[in-house]
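Protein sequences appear in the order of chains W and Y.
The opening position of the first sequence corresponds to residue 80 in our numbering, with each subsequent residue numbered one higher.
The opening position of the second sequence corresponds to residue 341 in our numbering, with each subsequent residue numbered one higher.
Think of the hints as simulated: they come from the structure by calculation, not from any bench.
Note that the structure is a prediction, hence the values are computed from the model and not measured.
Mixed in with the good hints there might be a few duds.
[Claimed, not checked] As a list, the in silico DSSO-like pairs of lysine-lysine whose alpha-carbon atoms are at most 30 Å apart: (1) Y:K828 to Y:K765; (2) W:K279 to W:K164; (3) Y:K358 to Y:K765; (4) Y:K867 to Y:K765; (5) Y:K619 to Y:K358; (6) W:K164 to Y:K765; (7) W:K164 to Y:K535; (8) W:K98 to Y:K535; (9) W:K273 to W:K164.
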Amino acid sequence: MAQQEAGGHEAYYVPSESKLPVWLAFGLGVMLYGLGAWMNSAQTGGHGKELLFVVGFVVVAIALYRWFAAVIEENHRGMNSAQVKRSYVWGMGWFIFSEVMFFAAFFGALFYIRFLALPWLGGEGEKGITGQYLWPDFTVDWNAGTNPHPQWATPDATLAAPPLTQWLAYLPFYNTVVLLTSSVTIHVAHTALKEGNRSKLNLWLGITVALGILFLILQMAEYVHAYRDLGLTLNTGIYGSTFFLLTGFHGFHVTLGTFMLIVMLARCLKGHFTKEDHFGFEATAWYWHFVDVVWLGLFLFVYVF
Amino acid sequence: MSAVIDAHHDDHHHGPAKGITRWLYTTNHKDIGSMYLWFSFIMFLAGGVMALVIRAELFQPGQSFVEPHFFNQMTTMHGLVMVFGAIMPAFVGLANWMLPMMVGAPDMALPRMNNLSFWILPFASLMLISTLFMEGGGPDFGWTMYAPLSTTYAPDSVTFMIFAIHLLGASSIMGAINIIATILNMRAPGMTLMKMPMFVWTWLITAYLLIAVMPVLAGAVTMMLFDIHFGTSCFDAAGGGDPVLFQHIFWFFGHPEVYIMILPAFGIVSHVIPAFSRKRLFGYDSMVYATSSIAFLSFIVWAHHMFTVGMPLAGQLFFMYATMLIAVPTGVKVFNWISTMWQGSMTFETPMLFALAFVFLFTVGGFSGVMLAIAPADYQYHDTYFVVAHFHYVLVSGALFSIFCAVYYWLPKWTGFMYSEALGKLHFWLSFIGVNLAFFPMHFSGLAGMPRRIPDYALQFANFNAWSTVGAFVFGLSQLLFLYLVIKCIRGGQKATAGVWDGAEGLEWTVPSPAPYHTFSTPPVVK
Numbered sequence: 080m081a082q083q084e085a086g087g088h089e090a091y092y093v094p095s096e097s098k099l100p101v102w103l104a105f106g107l108g109v110m111l112y113g114l115g116a117w118m119n120s121a122q123t124g125g126h127g128k129e130l131l132f133v134v135g136f137v138v139v140a141i142a143l144y145r146w147f148a149a150v151i152e153e154n155h156r157g158m159n160s161a162q163v164k165r166s167y168v169w170g171m172g173w174f175i176f177s178e179v180m181f182f183a184a185f186f187g188a189l190f191y192i193r194f195l196a197l198p199w200l201g202g203e204g205e206k207g208i209t210g211q212y213l214w215p216d217f218t219v220d221w222n223a224g225t226n227p228h229p230q231w232a233t234p235d236a237t238l239a240a241p242p243l244t245q246w247l248a249y250l251p252f253y254n255t256v257v258l259l260t261s262s263v264t265i266h267v268a269h270t271a272l273k274e275g276n277r278s279k280l281n282l283w284l285g286i287t288v289a290l291g292i293l294f295l296i297l298q299m300a301e302y303v304h305a306y307r308d309l310g311l312t313l314n315t316g317i318y319g320s321t322f323f324l325l326t327g328f329h330g331f332h333v334t335l336g337t338f339m340l341i342v343m344l345a346r347c348l349k350g351h352f353t354k355e356d357h358f359g360f361e362a363t364a365w366y367w368h369f370v371d372v373v374w375l376g377l378f379l380f381v382y383v384f
Numbered sequence: 341m342s343a344v345i346d347a348h349h350d351d352h353h354h355g356p357a358k359g360i361t362r363w364l365y366t367t368n369h370k371d372i373g374s375m376y377l378w379f380s381f382i383m384f385l386a387g388g389v390m391a392l393v394i395r396a397e398l399f400q401p402g403q404s405f406v407e408p409h410f411f412n413q414m415t416t417m418h419g420l421v422m423v424f425g426a427i428m429p430a431f432v433g434l435a436n437w438m439l440p441m442m443v444g445a446p447d448m449a450l451p452r453m454n455n456l457s458f459w460i461l462p463f464a465s466l467m468l469i470s471t472l473f474m475e476g477g478g479p480d481f482g483w484t485m486y487a488p489l490s491t492t493y494a495p496d497s498v499t500f501m502i503f504a505i506h507l508l509g510a511s512s513i514m515g516a517i518n519i520i521a522t523i524l525n526m527r528a529p530g531m532t533l534m535k536m537p538m539f540v541w542t543w544l545i546t547a548y549l550l551i552a553v554m555p556v557l558a559g560a561v562t563m564m565l566f567d568i569h570f571g572t573s574c575f576d577a578a579g580g581g582d583p584v585l586f587q588h589i590f591w592f593f594g595h596p597e598v599y600i601m602i603l604p605a606f607g608i609v610s611h612v613i614p615a616f617s618r619k620r621l622f623g624y625d626s627m628v629y630a631t632s633s634i635a636f637l638s639f640i641v642w643a644h645h646m647f648t649v650g651m652p653l654a655g656q657l658f659f660m661y662a663t664m665l666i667a668v669p670t671g672v673k674v675f676n677w678i679s680t681m682w683q684g685s686m687t688f689e690t691p692m693l694f695a696l697a698f699v700f701l702f703t704v705g706g707f708s709g710v711m712l713a714i715a716p717a718d719y720q721y722h723d724t725y726f727v728v729a730h731f732h733y734v735l736v737s738g739a740l741f742s743i744f745c746a747v748y749y750w751l752p753k754w755t756g757f758m759y760s761e762a763l764g765k766l767h768f769w770l771s772f773i774g775v776n777l778a779f780f781p782m783h784f785s786g787l788a789g790m791p792r793r794i795p796d797y798a799l800q801f802a803n804f805n806a807w808s809t810v811g812a813f814v815f816g817l818s819q820l821l822f823l824y825l826v827i828k829c830i831r832g833g834q835k836a837t838a839g840v841w842d843g844a845e846g847l848e849w850t851v852p853s854p855a856p857y858h859t860f861s862t863p864p865v866v867k
């Protein structure tokens with residue numbers, strides 16, 4: 080590997096000092112401190128603690144904007160050697176791996192609850208004695224969202240998948256179709272970029288953005304449906320907890336991914352990227368495929384099984 | 341931003357910028373490494389003061405010094421500060437200083453992100469420590485944050501602890517990504533993977549562990565946050581959740597985390613022992629494979645921290661055997677270090693003393709680890725001072741001693757001056773005696789049944805605890821000597837040569853001492 084790299088070593092590139100990192104760190108600190116103060120005051124019914132969070136957020140947004148602008152500018156000036164570009168590729172790859180592990184924690188929680196802890200609470204299995212002592216009347220019905228203790232309201236219904244024949248009237252099915260399609264469309268856009276076909280690139284990237292937004296609208300409709308019609312909320316015990324945490328963090332990542340796609344669309348319309356050099360686009364595409372794969376896991380393990 | 345862009349080539353030829361902004365805006369791996377090391381030392385003193393509060397309270401039975409509630413905050417914050425503020429940043433600081441030099445690179449792969457990783461730390465730590473001054477006090481449930489103590493019964497300040505952990509985790513992940521990119525992408529021509537120095541290898545694997553498990557910790561504390569503020573029931577059995585779930589997720593992070601704190605130490609010792617034995621490292625290949633095996637095993641042993649929660653028998657057996665398996669690759673390492681010394685021309689400068697103490701005392705901690713791995717015996721040891729003795733032997737006389745070892749070994753390369761060998765030896769012997777006096781009696785008080793994290797104890801444990809407290813104060817105060825020694829070495833002294841130690845090998849010893857601001861502007865060739 081090292082031998083192949085020999086050509087890339089001619090000009091070692093080290094960016095000179097930058098004000099951005101320390102400002103970004105400061106902004107992150109203020110933002111999260113503000114968020115904590117806000118949450119704590121909201122719990123006691125207080126108000127007016129949002130300001131610090133907003134200030135921090137603005138600092139973070141400005142710092143990130145200028146940071147990305149600087150990197151793009153450097154690349155346009157041809158200052159990034161092949162080696163620097165490879166570092167960005169490694170960076171994005173490992174960042175996505177860290178995101179995978181973040182979701183792994185929530186999937187792990189779901190599996191542990193569903194296949195070990197909840198059956199035990201229902202009195203089954205090796206540690207079923209727990210349930211027999213604590214809540215002898217509790218029987219587990221995951222798809223009905225039952226809870227051991229009555230202080231936790233049981234929802235009227237959950238969003239578990241109906242039989243296959245009824246999927247055409249099942250919103251998460253459409254969500255799946257939308258997101259899977261968007262993974263194909265971004266691939267078509269990527270291919271167009273590599274062919275140098277700019278109008279095709281803009282068209283398919285635009286379609287991908289539209290699909291991303293459509294997914295988010297559908298997901299919001301589903302949440303409204305859950306809260307209003309089904310009585311399924313964050314406060315209805317473990318089904319609601321795992322459902323909203325998993326789909327919520329996924330939705331947050333889709334929001335981020337859609338935002339990234341919009342930025343890429345704007346950059347494409349401005350004429351950024353070349354056939355050979357478009358890692359910003361590629362990284363966004365990777366990220367988009369990643370949220371797609373997470374959704375497949377969600378659809379299978381949260382909705383279907 | 342144009343200033344940044346136009347000036348990008350100039351700084352290869354110039355020294356550092358002047359004034360405070362040099363440190364605020366820097367992208368230089370040596371500056372960032374120094375900031376990491378100083379930051380971790382400050383946190384080490386802060387966490388150390390908390391430890392001394394704990395030991396002062398336990399000097400004699402009865403409530404003598406602080407309120408029990410404050411005592412609980414001290415045990416919690418001592419753990420969090422030492423793990424996330426002292427040990428981990430110290431290793432990242434060493435990585436920053438040494439990895440580019442060792443692989444023949446000009447700097448880290450992503451220099452601006454490098455500075456971001458560092459500057460998150462002071463803000464996050466400020467947030468963490470500020471919880472002590474909040475209404476209701478700081479986190480008081482132990483650094484392991486077990487639910488429901490950390491959710492239902494937690495003080496309000498727990499919210500800030502959660503966000504501080506998010507920030508510290510983000511910093512670690514970015515640091516780790518940077519380290520992996522540097523090692524995989526920035527090596528000098530000819531440096532194949534199996535020619536990399538051991539410190540580089542161990543950090544590569546450590547960085548992988550960091551990226552794999554820090555997000556899992558983020559997930560765990562996020563679930564806490566939602567249980568506290570948004571009414572979910574992840575860790576509440578009444579709502580179908582499970583408090584034990586928290587322990588599973590936490591220790592899935594927590595066990596690889598302990599290897600995160602020890603693998604770089606293995607790397608350091610694998611440099612120092614060959615240097616002062618004037619022999620090559622025995623069994624380089626097996627060291628690499630052993631490190632990888634330890635990293636793999638670290639993912640499948642987490643539940644040995646929770647044998648007593650009531651898990652199925654099959655689970656206990658699996659985690660017991662898997663844990664004991666770790667003794668095999670660890671044994672390979674200890675064997676290799678000893679074989680390296682065998683028939684070597686050994687001298688005993690301060691780095692070597694710390695390395696030898698590391699091998700000996702880490703092995704003591706490893707053995708008590710094997711005892712704790714035995715599930716039926718662990719029912720007796722669990723949550724006693726025996727556990728406290730075990731992990732302080734591997735973390736203080738293990739991880740921390742290796743950091744001292746590294747600082748003494750590379751300090752002449754960093755400052756250009758030799759440190760005072762006499763003061764270094766004095767620091768070593770005071771630390772060595774202090775550590776053993778503080779932690780060895782804990783094996784006995786633990787085996788006799790003294791529970792950890794309790795501010796009072798039965799009279800029978802009084803002597804052991806008095807000794808432990810004396811040892812802790814000896815150890816703690818002798819670190820001021822270390823501070824003095826380091827400052828003295830920065831300010832001047834006998835000039836260091838490029839090679840510094842006559843048995844030391846590696847690219848870092850081919851450049852002058854102190855190492856130039858930008859080490860390699862053209863890549864060295866490794867044969």
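Going through the hints against the structure:
1. Of the supplied pair hints, the one linking K828 (chain Y) and K765 (chain Y) holds, its CA atoms being roughly 15 Å apart against a limit of 30 Å.
2. For the proposed pair K279 (chain W) and K164 (chain W), the alpha carbon gap of about 26 Å is at most 30 Å, so the pair holds.
3. Between the alpha carbons of K358 (chain Y) and K765 (chain Y) the distance comes to roughly 35 Å, so the proposed pair goes past 30 Å and is violated.
4. At most 30 Å may separate the alpha-carbon atoms for a hinted pair to count; K867 (chain Y) and K765 (chain Y) exceed this at roughly 37 Å.
5. Pair hint K619 (chain Y) plus K358 (chain Y) does not hold up; C-alpha atoms about 42 Å apart against a cutoff of 30 Å.
6. Distance restraint check for K164 (chain W) and K765 (chain Y): the Cα-Cα separation of roughly 47 Å exceeds the 30 Å cut-off, and the hinted pair is therefore not satisfied.
7. For a cut-off of 30 Å, the pair hint linking K164 (chain W) to K535 (chain Y) stands: about 25 Å separates their Cα positions.
8. This hinted pair does not check out: K98 (chain W) and K535 (chain Y) have alpha carbons roughly 37 Å apart, beyond 30 Å.
9. With a CA separation close to 17 Å, the supplied pair K273 (chain W) and K164 (chain W) stays within the 30 Å bound.
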